[in-house]
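Trainee: Chains as they are written, first to last, in our numbering: chain A, 196 to 550; chain B, 196 to 550; chain C, 196 to 550; chain D, 196 to 550; chain E, 196 to 550.
If you are wondering where the hints come from, they were derived from the structure by calculation, not from laboratory data.
Keep in mind that the hints are not guaranteed to be accurate.
Pairs involving identical chains hold if they fit within one copy or between any two copies, as the list cannot separate such chains.
[Stated by the list, open to error] Here are the simulated DSS-like pairs of lysine-lysine, each with C-alpha atoms no more than 25 Å apart in a straight line:
{"hint": "1", "residue 1": "485", "residue 2": "548"}
{"hint": "2", "residue 1": "342", "residue 2": "547"}
{"hint": "3", "residue 1": "274", "residue 2": "332"}
{"hint": "4", "residue 1": "362", "residue 2": "545"}
{"hint": "5", "residue 1": "405", "residue 2": "547"}
{"hint": "6", "residue 1": "545", "residue 2": "405"}
{"hint": "7", "residue 1": "521", "residue 2": "221"}
{"hint": "8", "residue 1": "274", "residue 2": "521"}
{"hint": "9", "residue 1": "545", "residue 2": "274"}
{"hint": "10", "residue 1": "297", "residue 2": "548"}
{"hint": "11", "residue 1": "222", "residue 2": "547"}
{"hint": "12", "residue 1": "221", "residue 2": "545"}
{"hint": "13", "residue 1": "422", "residue 2": "521"}
{"hint": "14", "residue 1": "332", "residue 2": "521"}
{"hint": "15", "residue 1": "548", "residue 2": "221"}
As the structure is a prediction and not an experimental result, all values here were calculated from the model.
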Amino acid sequence: MKPRLFKKSSQKTGMSPGTIVHIGEKKVDRVTIEVIEYDESNFTSKRVESIKESIPLKEKPAVTWINITGLHDIDLIRKIGSAFNVHPLVQEDIVHTGQRPKLEDFDDHIYIVTKMIFVDPGLDEIIDEQISILVGKNFVITFQEQKGDVFSAVRDRIVHGRFRIRKLGADYLAYALMDAIVDHYFIVLERIGELVEELEEELLNEPTQKTLASIYGLKRKLITMRKVIWPLREVVGNIERDEIQFFESSTYIYLRDVYDHIIQTLDTLETYREMVSGMLDTYLSSVSNKMNQVMKVLTIIATIFIPLTFIAGIYGMNFEYMPELKWHWGYPAVWLIMIFVFIAMIIYFKVKKWI
Amino acid sequence: MKPRLFKKSSQKTGMSPGTIVHIGEKKVDRVTIEVIEYDESNFTSKRVESIKESIPLKEKPAVTWINITGLHDIDLIRKIGSAFNVHPLVQEDIVHTGQRPKLEDFDDHIYIVTKMIFVDPGLDEIIDEQISILVGKNFVITFQEQKGDVFSAVRDRIVHGRFRIRKLGADYLAYALMDAIVDHYFIVLERIGELVEELEEELLNEPTQKTLASIYGLKRKLITMRKVIWPLREVVGNIERDEIQFFESSTYIYLRDVYDHIIQTLDTLETYREMVSGMLDTYLSSVSNKMNQVMKVLTIIATIFIPLTFIAGIYGMNFEYMPELKWHWGYPAVWLIMIFVFIAMIIYFKVKKWI
Amino acid sequence: MKPRLFKKSSQKTGMSPGTIVHIGEKKVDRVTIEVIEYDESNFTSKRVESIKESIPLKEKPAVTWINITGLHDIDLIRKIGSAFNVHPLVQEDIVHTGQRPKLEDFDDHIYIVTKMIFVDPGLDEIIDEQISILVGKNFVITFQEQKGDVFSAVRDRIVHGRFRIRKLGADYLAYALMDAIVDHYFIVLERIGELVEELEEELLNEPTQKTLASIYGLKRKLITMRKVIWPLREVVGNIERDEIQFFESSTYIYLRDVYDHIIQTLDTLETYREMVSGMLDTYLSSVSNKMNQVMKVLTIIATIFIPLTFIAGIYGMNFEYMPELKWHWGYPAVWLIMIFVFIAMIIYFKVKKWI
Amino acid sequence: MKPRLFKKSSQKTGMSPGTIVHIGEKKVDRVTIEVIEYDESNFTSKRVESIKESIPLKEKPAVTWINITGLHDIDLIRKIGSAFNVHPLVQEDIVHTGQRPKLEDFDDHIYIVTKMIFVDPGLDEIIDEQISILVGKNFVITFQEQKGDVFSAVRDRIVHGRFRIRKLGADYLAYALMDAIVDHYFIVLERIGELVEELEEELLNEPTQKTLASIYGLKRKLITMRKVIWPLREVVGNIERDEIQFFESSTYIYLRDVYDHIIQTLDTLETYREMVSGMLDTYLSSVSNKMNQVMKVLTIIATIFIPLTFIAGIYGMNFEYMPELKWHWGYPAVWLIMIFVFIAMIIYFKVKKWI
Amino acid sequence: MKPRLFKKSSQKTGMSPGTIVHIGEKKVDRVTIEVIEYDESNFTSKRVESIKESIPLKEKPAVTWINITGLHDIDLIRKIGSAFNVHPLVQEDIVHTGQRPKLEDFDDHIYIVTKMIFVDPGLDEIIDEQISILVGKNFVITFQEQKGDVFSAVRDRIVHGRFRIRKLGADYLAYALMDAIVDHYFIVLERIGELVEELEEELLNEPTQKTLASIYGLKRKLITMRKVIWPLREVVGNIERDEIQFFESSTYIYLRDVYDHIIQTLDTLETYREMVSGMLDTYLSSVSNKMNQVMKVLTIIATIFIPLTFIAGIYGMNFEYMPELKWHWGYPAVWLIMIFVFIAMIIYFKVKKWI
């Protein structure tokens, strides 16, 4: 039902490091490979069946972007691994979808793990999908768990040809892909922002035990998002700071922009976190406030009628010698006393501001 | 109604980076451009219609300050961008009003994002407005979202001519503008200080559920302010530390002064935060205290009258053979017993310090 | 009963430093020594009785792995100590099982303390076992408290001979052993993950005082795990950063992998910690919610019947002159009044949304 | 009434930086200037009317200490400013009493802001007073808000002449003054320590709503003190670390001593803070404990008498055919039943440990 | 009664720095001076009356350990001060027992402040005692507040002569003394561990208001210990890192061992702290749980009998025309109704799982 908090990997225990086993759900039936080549004047895009066709592309001066959707074809990963000289541990990480966002710098390429986030509409849960990016001198390889439209805007800009992206290298493409992922975070943030506002509304009107569950659900979403975005901050910060190879200095200003967006996301998450904790307090306080009101009603009713019932009880006694019972005005007098007690009580409560 | 916690930017998702789209409310109808030129002996100020007129000013040795109010005229931003060689991403940031305060250092100029804060009198909410400052060798360009009087004191000092500002360069002007913004924070802080005192008063007298809402409103204001001021601290600290170009060392002492003010603001915010959290505790404790009092009244009344009613109930029974009912002093005796029980209870409560 | 939170070491107070005393439970009867030698083409494995036999192995170019199970044979430790030139303080630490994970760099070898974690099935407690690793130029010596299968996967890979491990040196063996230990953490994490889910289920259905105890038990487990894993992070990080001797740079990428796993473990622990604290809040809120419901029932019943009983009490009084008692329709009229009061109360509660 | 949490400075908004405006209460009527000159063999002390007389002292090799009490004479500040070449911003800070403790290093002198703390006996509030110290090659100028005896011990030691202070330079005098201020903190700490103990006593005996207010008052005092002392730690630490000019290395050990005292103060504040938070918990728990006791009494009384009253009610019914009413032993039998129920209830409560 | 949280030092306010005043309790009547001299082959130990005798020892190549018990003999401190060239501020710190653990490096010697901790059996409070250690080229001077057996194990090892300590220098002696102090911490930790377990037991069985006080007592003990041990960590860490003079590199591995022990102590303290905070929550939750049970009993009794009493009240009315009263089966019918209501209520509570 609920997405597991961390991907089962105990089945891998004891295996040799670098053993490539797909950990995670199989989200697509068939692995698809899309190869896009472009330079300032040319553009080709094709779907290939096997990775052999794409290897010769490696030597050309143009930029080659290989986008692989679906991670369960271990053979394919291995072929790409040997074609592009990818370390077995990296191959392992590509298919093991429980990685933290990170950056690893090798001689031939750098390996970046990022996470896409989206709200599963059915379950109203945050789902994260691992997207691995290999960046080399003139190629970028992306590995997605499933078909998504997050990269389509980048693809469109390459197709149109009039954008900056066609004039720049693989590093700019890598940036553009990361930017697309981070931009997507804002969509999730907006959905969460709406949830926050809905919950605040609900809290003001009719908070129930279900509201509490929703607040915790929201908190859980924020924790999940933070866990995914926080390490990405370091990844992008590192590229900037350490002058990672393949990234030209003209791309740095764009990376700084992505970095700013990540910081903004984290800022907003932090603000939401504080608001959610305020909501919890409000919920608990409103529950105890209701309790108070219930108690007050009980107290007022009981405090008024218990003494009156006592008075009635007195004159319900069967003693032979009770002179009041014989008095002609006894009954009205008792009524007067009772009304007096009643009014006194009401005034007392008014003074105490209970009613 | 309430200002959104973060500016919608999902509409930008998928656009090419550097695409200049105004994000934020359109707060003025017409964009106005004010150009002020001055050196120690001369001063001119004019409103221009288009930015072309101001470009030749760029080469003069005097200081030129271009103040632009209103951000929705994308064309104008683009013209300024190409006139002053402003990077497309910076142009994007100028019109996208959801930036965090930051400083970016380019060859020709430095770009500073700051935030004005004011209390919206109607909604009693903290509103922040983005003010971008471009500082070059002999010019400063400021971008405001709407007309405000925050810079008028600076303008006045330039007009009067007898102040230090006329003798110093663009870096001092940039400092003076930042100083004006930070000084404005103190006005908001004072308003918040008054709110804190009002709420403390209210807490002591008659706390209601509305008081709780006000406390959370206050907390929210403090979070918003902190979010805006905290990164500014780093911005000003960086200028000082990293010896950013265009800023002369004689200006550093002034920046240190601004830095001190920012730290003071944050200190005060922190103190308010601690006070607000103390207020929350006080509120909750006063609510539970009231509950206690209600419960005590109920307990005292019920504990006194339930046994008395029982006694009355005993002698309301209709058994044929109840000797007490026949006794001549039965009735007064029951009254004596009841009065005794009553007094015993009262003494018990006195001993327990409940009344 | 419960594992003690820290191993008694007061019995050692006042002893000379370097005095080798076994602190901790004696978990095996006989100490066993297993000596494995291998290079790319050869492999021998034997159980030895005494450590003298293994000393000549030290000079060979192949890798020698000496695995010692059981720490109470002080003599053996001392012999190994003098054979491999191990500092007395290190000998002391090997047998004193209360160490924190740490790394110490000596001239002839490095000394690494790690901790195995497993869930004791009977007590449902986290048990940690100290595993010391001595790494030299061409040998690795491991000290385990008891027989366990954590290293068997590594042993198998050495036996099979087709894996990378046979081609690489002692540093890779040390890495493989640490990797096996860290992989084992995930199994414990999964068990804890199940516990978290079970508890969440229990919380939703029928939380009892026992649930609270389980939540604290879980919290205690998380604290224990964190205490053991946190310093290990630094140990592995240090090898990478400080370029510890004996570790070749080609092994660094594997260490980075272990490091990533440790960080993932800590991340997951942190997430669990936040969830457990959320569970606590949920528990307390659900308890107070139940209380609320109980109070409401009491209030509704009391508030309805106390006034009615008062009315009945009125007409139970024995005054001689009570005209209502004589009326023919008095009794039905009282019933009507009572039914009216009853319905009015019910409507009131409906309006207040209490029923 | 209560001291404002931060000094109003909005009245300064828009003024040119370096504009000298006294912010803070005017605490003395007349500004007094005391000039003390000393070297190992000579000592003179006089009150001067105007600052001109003291300027020639500046060149002498002896140490000159000018102590100014009262900050509202802007003219005087300005004269001193030009005589000793004090930067306008520093002049501004001297008279604006809302500064944080800080140290600024100029060519001719260093500027230190410190804060005196004392407990206002009437209001039982922590009051802080700003003391600015200007340290030059052979002079020290101190600016106090009001007359106080904090410096009199230093003055006495100079007068007596047999102390170390007469043999050493202006840096030692500056140290001695800071030491005097920090020593004063301990007096305030002791007063707070007494308050803590009084409150703990009160909590154990008879906590009331007023106790809660006192706890928060204490917390507020601790916050105020921490806010003032924390930055001072950095000030003194900086002198030591950065080898600030005018301070000779032989003075460093004395500064380290002051530093240690500040750390001790902060340690003690931290301990008090933890104790105060424990007191809050104790208070809340004792309130809820009392509530529990009240509830128990109510429950016991009601639970005993409600069933008994019901029994009495049964035999108060007026059915014609109620055989028990005719029985001769009916009435005693009912009493027996009631006594039995009573005793059963009491035993039940005893078993439940409620009484 | 309770040990004061910080030693009174206000009596020192205004004194010249370096004024030697004993602050703290006078814990022994007579100050004793023990002088131990040893090298690999010789050993002498004597009690001396005055410090003059020990001065000539200073020049010998053997190690001299002077152990002074009792700090109130100011003259003695001063004599040692001038004999060993101890800075007046250090002399002041030796006799002022409120110091934080620290290390100060002088030309002739280093000065280390440490704290012994023990549990006062009568008051069950943590008492700390200041132990100052002066380490020079070939001497160590220790200052204890009172007679204790913490150093006797070190003395024994020197006497026996077969231990490493006789072969090594003053730095090893200083290490051995610090090690003895830190080893002692574990004894206190064990006592606290027992307290934790006792309290956990008590919490499970019969928590009372006294349990709460014990929990806070425990918390206070942990705070005190942490305050004393935390700075010691830095002291030992500094010796290692900064290569303090007099300490030879062969001693560093021993210091690292002490450092590890301190970290272990702090780790355990942290774990205890988390457990104590869990105990607080458990206590509060168990209190509110009891309250719940009390409320349930009240509710069940009241909810059952209030309606029944009402029914009885109905037929206790004295209307002349109440047909039910005349019915022959009226009385049994009422009983049937009442029993039905009773059973219905019980079923309702069963369904609600209240009983």
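Trainee: Need the list of violated hint numbers for this structure, in ascending order.
Mentor: 2, 4, 7, 8, 9, 10, 11, 12, 13, 14, 15
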